[in-house]
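J.: Residue numbers (the working numbering), protein chains in the order written: chain A, 277 to 678; chain B, 108 to 1002.
Treat the hints with care, as some may be off.
Stated by the list, open to error - If you anchor each label on the Cβ, the simulated ranges turn out as follows: (1) A/A487 with B/R227: 45 to 51 Å; (2) B/F305 with A/Q415: 55 to 61 Å; (3) B/E833 with A/N322: 55 to 61 Å.
Hints were generated in silico from the structure; no laboratory data involved. Glycine included, each C-beta is placed from N, C-alpha and C at the ideal position.
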Amino acid sequence: MNELVERRVHLEWRDPKSSYDVVIVGGGGHGLATAYYLATRHGITNVGVFERGYIGSGNSGRNTTVIRANYGIPEAVRFYQRSVDLYRTLEAETERELMHRQKGLLWLAHSETGIRAERARATVNTAFGAHTEYVEPFQIAKICPQLDLDGGGVWPVLGGTYHPAAATARHDRVVWAYAEGAMRRGVDVHQRIAVTGLVRDGERVVGIETATGRVAAGLVLAAVGGHATTLATMAGVRLPIRTHPLQAFVTGHYQLQFEPMVSSGDLLFYISQTARGEMLLGAEIDRQPSYSYRSGHEFLSSCAFRAITLLPFLRDLKVLRQWTGICDMSPDYSPILGETGVPGFCVTTGWGTWGFKAIPAGGEQMAQLIATGETPELIRPFALDRFARDRTMADRGSAGTH
Amino acid sequence: MRLTVDRTTIEARDGDSLLEALLRAGLHPTGGGCLCLAGDCPHCLATVDGVSYVRTCQVAARAGQLVERDHLGGAAPPLWRDAEDLLDARPRETPVRHLHCDVVVIGQGEAGVAAADEARAAGQRVITLDAGAGQEAIGVYPGPRVVARTDEATWHVHPRGEIVIATGAAEIQPVAPGSGLEGLLTARAAERLAAASFDLGRVVAVGTPPAGVAAVQLEGEIVRFCGEQRLEAVIVRGRDGVEHRHSCDTVSLGLGLHPRDALSRMGRGLSVRAVGDAARESNIPPRPRDGIVCPCSRVTVADLDSVWQRGFRELELVKRATLAGTGACQGAACLPHLRSFVRDRGHELQPAFTARPVTRQLTLGEVAAGQHHRATPRTALHDEHTALGAQMDRAGGWWRPWTYGDPMFEYGAEYRAVREAVSLGDVSTLGKFEVAGPDALPLLELLYPTQVSTLRPGHCRYVLLLDERGYVLDDGMILCHDPRRYSLTLTSGGASFAELWIRDWAESRGFDVRLLDQTMALGAINVTGPRAAELLGRAGVNGVTGLPGFACHLAGEVAGVACRILRLSFTGELSYELHHPARDSVALWRRLLELGRDLGIRPHGFQTLLDLRLEKGHIVIGKDTDFDSTPRRLGHEWAVRLAKPEFVGRQAVLRTNRIDLDRKLCGFEMAGPPPDEGALIWSRGRYAGTVTSSAASHVLGKTVLLGWLDLEDGELPAEVVINGHEARRVATPFYDPDGKRARAEVSLSPLLAPPRFDPLPTGSAVAGCNRFSRLEATRIVAVPAALDRLALGPSELGFRLAPDELLLVPSNAHVAIDDPHAIVELDTGFAGAWVAIDEALSFLERACSWPIPTARPAFAQGAVAGLPVKLWLETDRVLFVVPAPFAADFEARLR
């Protein structure tokens, strides 16, 4: 029996209705999780999710599956810790195998400035519910004996933080578990239907236009990646988002021998071993904004070079495949979710490089907002109007890589 | 020849591929599966000399090879073999070769050879890549660039024109129970082995027969392959619907072809053309009925059916739900069957899924070929610091002395030298920028929120740089020479961005200005401490009547070195910043240390500087500020003149100033040890902010801090708790609040007669270099037309770095330039070395991805070995020019 083959999820497709209480644009993790929590937590099931490709075909299926809460500001630490907690029980709740594995994350520092930043990270994490501790090189060697602490003589490891709760899960399976859970409770999910416009009644958004016709909606949630700005423009909402590519690559499959996730702030790469044995490596976003999914050689080459510096054993592993996702970056490196000021139109966007890890908490909180009409405390700091109110959430802890 | 397989020795023949050698010894690399001998299937994988996932059919057998059959039965190989070698950090040298051409042809079968001939006949320069000759193309990238693996190097081929894909077609693999047995060959593989005089035993053929192989031809559909480990028989359902069993030792499978089009699929949008079989439509085999479809991920037809029935109803979802097509062969074996399956169930033939690099696998070491670490620049004083025992650390993007000597013991001594005597600090890392021209003032008025027009010649001022959102980007000084000429300083870490920022605004507004980055060209030494003026008096300041007053600057000669002397203070003590040609840094540093010996002089490191400025409440951008820090939040509203009609960020500052303030950067003092930066600030049990800087103040006898504090009901709390200790919010500066020390009157007139100094060394060495030495050059920024007209002397070289910028070697202070606003400055910030032409070109082929001009002489510039390099190419030699702070790194790379 091949345990990597999905064995249990059953997706039930139905034809679109002409009207839904809630229409969610975008069948990725955030859209589907919102639908799932609307159905399971609030009994709202007259919900239609519209996806222009197949479910999870955007960045939900292109990320590097890191789950962590070691962010840099209290508001973010609380929010992501909620997601870490929800992820931990998601397999049991959905009765689906998501390949969720707690691995622990090492974040390495190579300068005195880096050490100070990591100490600060440990402090704010621990105070707001995410366990992160400062670790010395001898402790780092125990957590990850494969590391060359001398950094090839160029980037010695001088210290770091360890975040034991960090985990990974298989991205597609998270998408499917939410899709199935929502569908089973009556939510409609539609693939290959692109939303081409929004229907307005005065200021209010009252539906969507699709290639197959108009669909009325009590509320429309934009949960799309990349083109969130385009969709929001149709509602007259200007989003402060720039979209940048983020690349990653994997090696072939090897025996499961590499336990933790490792990240280096100065060398700007991170690495983990997937459940099927690939070494998965990523780096920072491309500086040039773009919607392109095209992969570049410079990224592959330079990321491999940097990773080998700290983990020499990687040198002889074979690269299997590289790919690109795109990241919606907000000016303060924090997400934007909630009401937009336009009645009937909400957004969940600005998921930058932290979208996958935020799926459960983002979905849960958006569902609560939609169901109650009240913005929950946990996501109040991330409302769109923070830019107008000069209450931005600058987070250096998230301004990095994954 | 002999090689070792799983610790036993086998014999191999010359000219055999490794796969052939294994088969001759009766060893199937993976234990079974249909072999193609063409690099397509995953059945011949093995670990060779420590590298797994090697396609043994693509590798020549070599004496002494160490082969391990780690992939037997589809097993995963180990990540590392020998824990002892785990931390072996010795690099395996994989060179890169950059090759330039008009057309690259990938594949040298019939169609590839024809395409190459055709292009050559049309006068084009052609490079061919032939997997059969060990040149495996692994990806087509934007550029365009084709990356290929060879045993000798990783090739980067840069075609100006077309990429021709002539990779041919792969043979379709069988899907039926027993497809994992030994004894299955594609028809072409059977032909090749027969030609290499393999004994294939009794051969039966299904589909296209193998040429030149005696085989019993079978008609119909394969039901199953029978046998335990080795093939014993094949069962075929004939046209009559009856199953027939045929005993055999080998089955040859000619099941159709599908194009090797992964490179074409990943090259969409680039100038890529497929020819020959690579351009053909794929044969779609009959729908798979039973058995393994994807051998890499061990996915069966039943698995496909299972996910299909549960709603995974398109090719991508089937792939993702089963992971079929995501293994070592990236779908080469299974894709035609997957498409056939989806067509059968979904009644629609879907296109092949997206291809991503890499198509053929190479190691991380091989892809990393040609890469270098991000070099950290060194100031001209780097070796002076290390000789003094400094611990060097990376800060603000530069190597800087963190402390000198024993950090516990010496630390206090550095601090005391500044507060009580005199000290030197290397501030060469500061960004330094020159602005000249009729629009110099309008540009600076736009960029800076201060009223620049009130800054008089000879004066300087602290300034903030804001972005359009009103957030603080950077800070620094403006020095006014005259209203048409200014110098700017920028922070060490922010300078490179700030330069882009300044140039961007100048260009977008069309300002008539000349801009010159002098960060590398100028060294800077901060002479600080109550006895700083005394030291400068000893060093002798020539050419001026006195030292500059506070917030003033002037040009003069200090200790025999031409300097721009700025009087300002970051440490809180009397301070003079000496900006001087980088060439002279070492002489100036040594002379000042020598002259100040009996004054108690010693240099201070960056750690001490951070504490000194903290006592003065001076912020460090990026440390005390966040990327959404407004002047108001920083308490720096005094640095913003809103009455000015326009400056970048003004609208945002006006807008946000109308909103209630939420948090502010404040000063605190407390008893007890200094908390870590990042420590939390609590007010009445509630989180109220974080500490950004902290230090135990020697002179004040208490801990002083800067930190972010939230307002409560519009008020800043006065008492807070940090690390369990009471802390009190206080006004800054903590130390010398009236600035009496920094602004102290200096009565040092007349200056002491300057002592005699030896003549300054010229053509001087650069820290850490043997081959490179400092260039004496003149840097000219002027309108392009003036540079076009510039007549060079016979021994002068003029490198046009930009349309408005010229580097003149050797230096010529009297160069006549027809632009009244031209900036003409001595520039000793570059290092150069002559290299013989052969060595240079061989190095450039490895280290330079762009084409080198063929004319001689020629000037060229760009990234070489990861660093900004300028080249002057003569017939028999090449001058390499690099910024001196990177010269040591470049020299190490120039091998």
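J.: For this structure, which hints from the list above don't hold up?
T.: none
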